[in-house]
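**Student:** Residue-level listing of the chains:
Number of protein chains: 2
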Amino acid sequence: MARETVVDSRQEILRIAARLFQQRGYDATSMNDVAAALKLSKGGLYHHFQSKDEILFEIMNHAMEITQERVLNPVRGIADPEERLRALIRLHIEVVLSPRDREITVMLHENHPLPPALRKRINSRKKDYIHFLESLMGEVQDKVQKAAHQEAHRKLQPLHHARRKVSPRAAAFALLGMINWIYQWYKPEGELQAQNLIPQFTDLIFGGIFA
Amino acid sequence: MARETVVDSRQEILRIAARLFQQRGYDATSMNDVAAALKLSKGGLYHHFQSKDEILFEIMNHAMEITQERVLNPVRGIADPEERLRALIRLHIEVVLSPRDREITVMLHENHPLPPALRKRINSRKKDYIHFLESLMGEVQDKVQKAAHQEAHRKLQPLHHARRKVSPRAAAFALLGMINWIYQWYKPEGELQAQNLIPQFTDLIFGGIFA
Chain B
1 MARETVVDSR QEILRIAARL FQQRGYDATS MNDVAAALKL SKGGLYHHFQ
51 SKDEILFEIM NHAMEITQER VLNPVRGIAD PEERLRALIR LHIEVVLSPR
101 DREITVMLHE NHPLPPALRK RINSRKKDYI HFLESLMGEV QDKVQKAAHQ
151 EAHRKLQPLH HARRKVSPRA AAFALLGMIN WIYQWYKPEG ELQAQNLIPQ
201 FTDLIFGGIF A
Chain U
1 MARETVVDSR QEILRIAARL FQQRGYDATS MNDVAAALKL SKGGLYHHFQ
51 SKDEILFEIM NHAMEITQER VLNPVRGIAD PEERLRALIR LHIEVVLSPR
101 DREITVMLHE NHPLPPALRK RINSRKKDYI HFLESLMGEV QDKVQKAAHQ
151 EAHRKLQPLH HARRKVSPRA AAFALLGMIN WIYQWYKPEG ELQAQNLIPQ
201 FTDLIFGGIF A
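So the sequences go chain by chain: B and U.
Here the numbering used here is used: position 101 in the first sequence is 101, and no number is missing along the way.
Here the numbering used here is used: position 22 in the second sequence is 22, and no number is missing along the way.
FYI, nobody ran anything at the bench for these hints, they're computed from the structure.
Take these hints with a grain of salt, some might be off.
Derived DEER-like restraints, expressed as beta-carbon distance ranges [unchecked claim]:
1) U:E12 / B:K143: 50 to 58 Å
2) B:P113 / U:V144: 43 to 51 Å
3) B:S41 / U:S41: 51 to 59 Å
4) U:Q11 / B:A147: 51 to 59 Å
In silico lysine-lysine, DSSO-like type, Cα no more than 27 Å apart, as pairs [what the hints assert, rightly or not]:
5) B:K52 / U:K52
6) U:K187 / U:K126
7) B:K143 / B:K127
8) U:K120 / U:K143
9) B:K187 / U:K39
10) B:K42 / B:K52
11) U:K146 / U:K120
12) U:K42 / U:K52
13) B:K155 / B:K52
14) B:K127 / B:K165
15) U:K165 / U:K143
16) U:K120 / B:K187
17) U:K143 / B:K165
18) B:K165 / B:K143
19) U:K120 / U:K52
20) B:K126 / U:K52
21) B:K187 / U:K165
22) U:K127 / B:K120
23) B:K146 / B:K52
24) B:K126 / B:K165
25) U:K39 / U:K52
26) B:K155 / B:K165
27) B:K165 / U:K187
28) B:K52 / B:K39
29) U:K165 / B:K165
30) B:K146 / B:K165
31) B:K143 / U:K165
32) U:K187 / B:K127
33) U:K127 / B:K187
All residues carry an ideal CB built from backbone N, CA and C; glycine is no exception.
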């Protein structure tokens, strides 16, 4: 129980710090500002985090954990690669648009230079995600190509070898760009919301990688 | 001649300031740091720019001017919407990857809050670009749909009305995300370079908006 309370309060600190960093800029926000927003003494804040860099690192790390728990873990269990990719697009957009976690996940794009050891840990988690997505794009393309081969074979038709036009790597970066850019234009009162954005971005990617 | 020298030196200040901001972070870089990197006295720097905010605004404004001159102006003259979109994708990727201007254009994504009046001017130029791209996406879709109608009419075939699956607006944001995200993963020594990235992103978008 005691441990849970501590975890909750750390997450609350991260959420409020992320909001402040976005409103005022990371460097312009002091540890004093963060403590004041949390109604903590400066000592109380330093009890949890030794520095502002540590807070930024923990926000980014928490953002990667959210992505792991709400996007990667649920889709790993999906056997069919097409369905896996559809689910990944949907879940990732949902995380990025989640009112509760939006401020946390946006901080992944903060370009304040972290100390090298901390930056390395975040970058390594980001790379894992890119590699997962790249393999998945390849699997989806292979599956569709194989199905086309079998269909041609069944009908005794010749098949022009479909050259992969969009590589899995370029497709992975394209999708990440589309999704991670959302915070730059998204408006809660705007026309584009999760329910119409998810099918459109899904169609765009599926149409695009089989162009 | 005198005017040209002044303009050149302002642009040189902006380029070097942009590089420093990216290496050290905007807030962590002082006017002293910028002056030192330019081998200027602090007074010499203040002769050109009154504040760091003014430098940041001028960097962003210069980035939008580069986009105007090297992307928008050249494509406006292209009559065919498909060719216009192909040219826009190519030219925009080239600007984003240009070694000379990369540091300037990346600063468009700096999330340091500018004074409201300055922010408004940058946002208004960004919006103009989005609207141009949105109309272009719509024109390209309309043209292809019209051609399909004419073809069906010529062959006396019925045509299932192709519903637009990806709206011009979603397509515009998707493309901007794909291109503006490049700076997050691009490596000058990497496999993905302008010559293979441009055709892949072009295929992805054209495949996607006609999915």
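**Student:** Does each hint fit the structure? Answer for all of them.
**Tutor:** Hints, verified against the model:
no. : hint                        : in the structure
1   : U:E12 / B:K143: 50 to 58 Å  : holds, 53 Å
2   : B:P113 / U:V144: 43 to 51 Å : holds, 46 Å
3   : B:S41 / U:S41: 51 to 59 Å   : violated, 43 Å
4   : U:Q11 / B:A147: 51 to 59 Å  : holds, 54 Å
5   : B:K52 / U:K52               : holds, 23 Å
6   : U:K187 / U:K126             : holds, 26 Å
7   : B:K143 / B:K127             : holds, 24 Å
8   : U:K120 / U:K143             : violated, 34 Å
9   : B:K187 / U:K39              : violated, 43 Å
10  : B:K42 / B:K52               : holds, 12 Å
11  : U:K146 / U:K120             : violated, 39 Å
12  : U:K42 / U:K52               : holds, 12 Å
13  : B:K155 / B:K52              : violated, 65 Å
14  : B:K127 / B:K165             : holds, 23 Å
15  : U:K165 / U:K143             : holds, 15 Å
16  : U:K120 / B:K187             : holds, 16 Å
17  : U:K143 / B:K165             : holds, 24 Å
18  : B:K165 / B:K143             : holds, 15 Å
19  : U:K120 / U:K52              : holds, 17 Å
20  : B:K126 / U:K52              : violated, 32 Å
21  : B:K187 / U:K165             : holds, 21 Å
22  : U:K127 / B:K120             : violated, 35 Å
23  : B:K146 / B:K52              : violated, 52 Å
24  : B:K126 / B:K165             : holds, 25 Å
25  : U:K39 / U:K52               : holds, 17 Å
26  : B:K155 / B:K165             : holds, 25 Å
27  : B:K165 / U:K187             : holds, 21 Å
28  : B:K52 / B:K39               : holds, 17 Å
29  : U:K165 / B:K165             : holds, 22 Å
30  : B:K146 / B:K165             : holds, 16 Å
31  : B:K143 / U:K165             : holds, 24 Å
32  : U:K187 / B:K127             : holds, 14 Å
33  : U:K127 / B:K187             : holds, 14 Å
Hint compliance for this structure: hints 3, 8, 9, 11, 13, 20, 22 and 23 are not met, and every other hint is.
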